[in-house]
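Enquirer: Given only the sequences and the hints, what does the whole structure look like? Please build it.
Chains as they are written, first to last, in this note's numbering: chain S, 1 to 244; chain D, 1001 to 1283.
Rather than coming from a laboratory, the hints here were simulated on the basis of the structure.
Just so you know, not all the hints are guaranteed correct.
Covered stretches of chain D, going by a simulated chain S footprint (3 or more residues, C-beta under 8 Å) [to be verified]:
#	segment
1	1181-1193
2	1196-1208
Restraint ranges, calculated between C-beta atoms of paired labels, are given here [stated by the list, open to error]:
#	chain 1	residue 1	chain 2	residue 2	range
3	S	K134	D	P1176	25 to 35 Å
4	S	P112	D	A1083	30 to 40 Å
5	D	P1176	S	I73	15 to 25 Å
C-beta atoms are modelled at their ideal positions from N, C-alpha and C, and glycine is treated no differently.
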Amino acid sequence: MSTVLRADGVWKAFGDKEVLRGIDLTLDRHEVVALIGASGSGKSTLLRCLNLLEPIDDGQIFLGEEDISDPRIDANRVRARFGAVFQSYNLFPHLSVLDNVTLSSRIVHRMPRHAAEERAMALLERIGLADKAKDHPDRLSGGQQQRAAIVRAIATDPEVLLLDEITSALDPELVGEVLELVRQLAQDGATILMATHEMAFARDVAHRVVFLDAGTIIEQGPPSQLFGAAREARTRAFLARFTA
Amino acid sequence: MTDPSFRPSELELERRAYRARRSRQSVLVAIASTLAFAGIVWVTVLGTPGWAQVQQRFFDPATFAASLPRVWDGFLLNLQVLALSVVTVSVVALLIALLRTLRGPVFFPLRALAAGYTDIFRGIPLIIVLYLIGLGVPALLDQRISVVLLGTVAITLTYSAYVSEVIRAGIEAVHPSQRLAARALGLGYAQTLRRVVLPQALRKMTPPLMNDFVSMQKDVGLISILGAVDAVRAAQIETSLTYNFTPYVVAAVLFVLLAIPTIRLADWYTARLREREQMGSIV
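Expert: Structure, rendered in structure tokens:
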């Protein structure tokens, strides 16, 4: 398998608070990796550093062969190769669902509107939101909004999909439909790095689980090993708190 | 509710009747109190010893009709300055606001310049700016410059300072997560601003912007101090000819008539915005 994304000794501090302390992480093509860890462990920050929404303080990030942590690269072009979904959806409230989904295709990738819309409608059709395409996001339920946000993120065929606790803001009965969509994307071969608190889902869908604590990777491995027989005491303590 | 078989219960019908009764009562009370207040004002004003004289000096129908054409001609000059200023203020204010929102140490001089400008021109009374521009610039260039141009420049300088602050507040009121989402899609700084931030900011800015517009509509009357025969100046001339102040009232009426549509529009828009927000919408 070829490596799509690689972090090498990534450090990040906000003021004098060190949030990431030398992260080494690789992500292979078609691989689904779950990032778990307590709030404040650095999961969200790591995701944001990887697609250059936050500048890093040390280390390197490679997307394919390219060092994207080099300040000389065009950050906008790099971000366009990622798809990102956030906890609070962050759909654009002034645009229809369809315009949300096609914005990047039209503006960044310079795709003609009709082609972008055709593709977007096909995606919305697939997730059962085609009839909401002309609506504004506030007419949708939380689960529908988050699924629309996922479609927006994948509309431009990103090389890597970054999911940042995408079910944390949802009502419990809406979590299922969103996770089901992620499961389908994983089956279709998407490369996904997701920060999550949904342990059952991580166990089920992820090929690898990475446990982050205080800005360092404590342990990583296949879900069966990490959830079944974690080597590190800190991992076991975290998981015990979660399943209790 | 669209179900045709739906019939409101007795309880609901009684509640509706009660609400209808209550609103009828409220309307009656409002009408009565308005009439009473108007009556008191009427009697009080008529009872003042100088009323007869004031009525003749300020509200003389014949003078009103006679001075209207001249004042109207002057008013057209005000409208010219207003129309030009709306365009120039929009452009300059947006530019200043964008300069002030630029981040990063590289842009410090531009940010400081923009901040200094808004500080100074929000502080100077418009009338002084008018004098400085109206008398200073022609002297500087040693030639005659049209008052419309000078007036527009002065009003643009002052109002751009105010309006840029409104725009800046509107831009900053858009939640940072919106920028984040746009940048994550690969949109650049300018694309994010144009496609995501400004359209949302505009909705938040519209009520205060309309307020500034109303304020500008009447402040264009100040260009009279530059010697142009605008509505105010025309009224002044008419007044000095007839020794009757009614022409000023004519000018006032014209300015009010100009302002009312904007004020109503602003009210309507604000109400619509509030309605939407109460529906739990963030748009």
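Enquirer: Are the hints correct? Go through all of them and say.
Expert: Hints, verified against the model:
Requiring three or more residues with a Cβ within less than 8 Å of a Cβ of chain S, the coverage given for the segment 1181-1193 of chain D holds, as 9 such residues are present. Note: the segment 1196-1208 of chain D has 4 residues with beta-carbon separation from chain S under 8 Å; the three-residue rule is met and the coverage holds. Hint check: K134 (chain S) to P1176 (chain D), Cβ distance near 28 Å, so the stated range 25 to 35 Å holds. One distance hint, 30 to 40 Å for the beta-carbon pair P112 (chain S) and A1083 (chain D), holds here, with the actual separation near 38 Å.
The hint said 15 to 25 Å for the Cβ distance between P1176 (chain D) and I73 (chain S), and at roughly 24 Å that hint holds.
Consistency note: the structure conflicts with none of the earlier hints.
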